[in-house]
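K.L.:
Sequence:
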Amino acid sequence: MQVGGVPKSITRCESAEELYEAAKAAWLSEEKHHILAGGSNTVFADDMSDWNIVLVVNSGIEITEETDETVTLRVQAGESWDGFVAWCVERGYAGIEAMSGIPGSVGATPVQNVGAYGQEVSQVITQVEFLDAESHEVSIKPAEFFEFSYRDSALKRGLKGVIGWVEFKLYKLGGLSVPMASGQITNHVGAEYRSQLPLDQVREVVLELRSSKGMVISEADPNSRSCGSFFTNPVVSSIKALEFPDEMQKWKMEDGESVKLSAGWLIENAGIPKGYSIPGSKAAISQKHALAITNTGGASAADVVELARFIQERVSSRWGMNLIPEPNLIGF
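Under the numbering used here, the first residue of the sequence shown is numbered 203, with each subsequent residue one higher.
The set of hints was computed from the structure by calculation and includes no laboratory data. What you were told as hints is all true, and nothing was included just to trick you.
As a list, the in silico DSBU-like pairs of lysine-lysine whose alpha-carbon atoms are at most 35 Å apart:
#: 1; residue 1: K442; residue 2: K454
#: 2; residue 1: K374; residue 2: K358
#: 3; residue 1: K462; residue 2: K415
#: 4; residue 1: K374; residue 2: K343
#: 5; residue 1: K415; residue 2: K362
#: 6; residue 1: K362; residue 2: K452
#: 7; residue 1: K454; residue 2: K490
#: 8; residue 1: K452; residue 2: K490
#: 9; residue 1: K415; residue 2: K476
#: 10; residue 1: K454; residue 2: K362
#: 11; residue 1: K343; residue 2: K462
#: 12; residue 1: K462; residue 2: K374
#: 13; residue 1: K374; residue 2: K415
#: 14; residue 1: K210; residue 2: K343
#: 15; residue 1: K452; residue 2: K462
#: 16; residue 1: K476; residue 2: K442
#: 17; residue 1: K210; residue 2: K484
#: 18; residue 1: K476; residue 2: K454
#: 19; residue 1: K476; residue 2: K490
#: 20; residue 1: K362; residue 2: K226
#: 21; residue 1: K343; residue 2: K454
#: 22; residue 1: K484; residue 2: K358
Using C-beta positions, here's what the derived DEER-type ranges look like:
#: 23; residue 1: S282; residue 2: Q398; range: 23 to 31 Å
#: 24; residue 1: I526; residue 2: G477; range: 21 to 29 Å
#: 25; residue 1: E515; residue 2: E349; range: 26 to 34 Å
#: 26; residue 1: P400; residue 2: I263; range: 20 to 28 Å
#: 27; residue 1: K210; residue 2: G360; range: 21 to 29 Å
#: 28; residue 1: K358; residue 2: S479; range: 27 to 35 Å
Ideal Cβ placement from N, Cα and C applies to all residues, glycine included.
Given the sequences, and given the hints that come with them, work out the whole structure.
P.N.:
Spelled out as structure tokens, the structure:
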């Protein structure tokens, strides 16, 4: 977002061990602190002068197990997520190709069960090394421990701790993807739904689709100066979903009883168009995607949060829905 004040201190952690020690010191201190990785899904307040930042920069990718059909990879938390996806596509490892272009770090992906175009990290995570904030003990936890669901996990619902590395089990499919669970991708290339496509083609298409929405970081695109989707798509009961117009985008959830609604549609149909800005503010709705708030140049953190509140109030008033912010809001 390119907003936020200067912190009191920054501690760089280049190994999992350094990260765990810095985290424990921060937890034992009475001072304000935040453990930061890529920062792509974070908005900092304008005054951070009494905050200490622990910066996650440990990197590395290690093959821990390999068969003719699968490969298991242990990836350090500070590794770039998109860099890791590109690394896998180049080597023919399938399972995360549709999550190309997502900014941030590998260690952050389990927190909100990152996903895109029909893939989620919970589908391929096997285990995680985790430092528990209460016991200060480091242990290896299976994926089930984190209770993954749509854009959610136990880490978002109160479980406190730090991730040192994440292990993924991916597939060797002769250079092809796993079956594509996204009509956007298959329609784009004229293929049938659930088709297996060349991995590099999937990555190329996803980057193109994300760029068209301003969702790939680019100096040439001011719409990408954002933290991606600012609100999560609301999930309601199938009965509640009937209250909304037929033309609204809706997606049935795997449980068969709930429906995901389009937050972008709710925003635009509450009378807030793409590109909208509160008069005098440097924060605006993206011109490409109604769900993103952008920094048009020189915005303050206060500008961003004021626009977010305005959107919530308008959507609540028009549709009776409370939009939940997706990024971490620190220092507010």
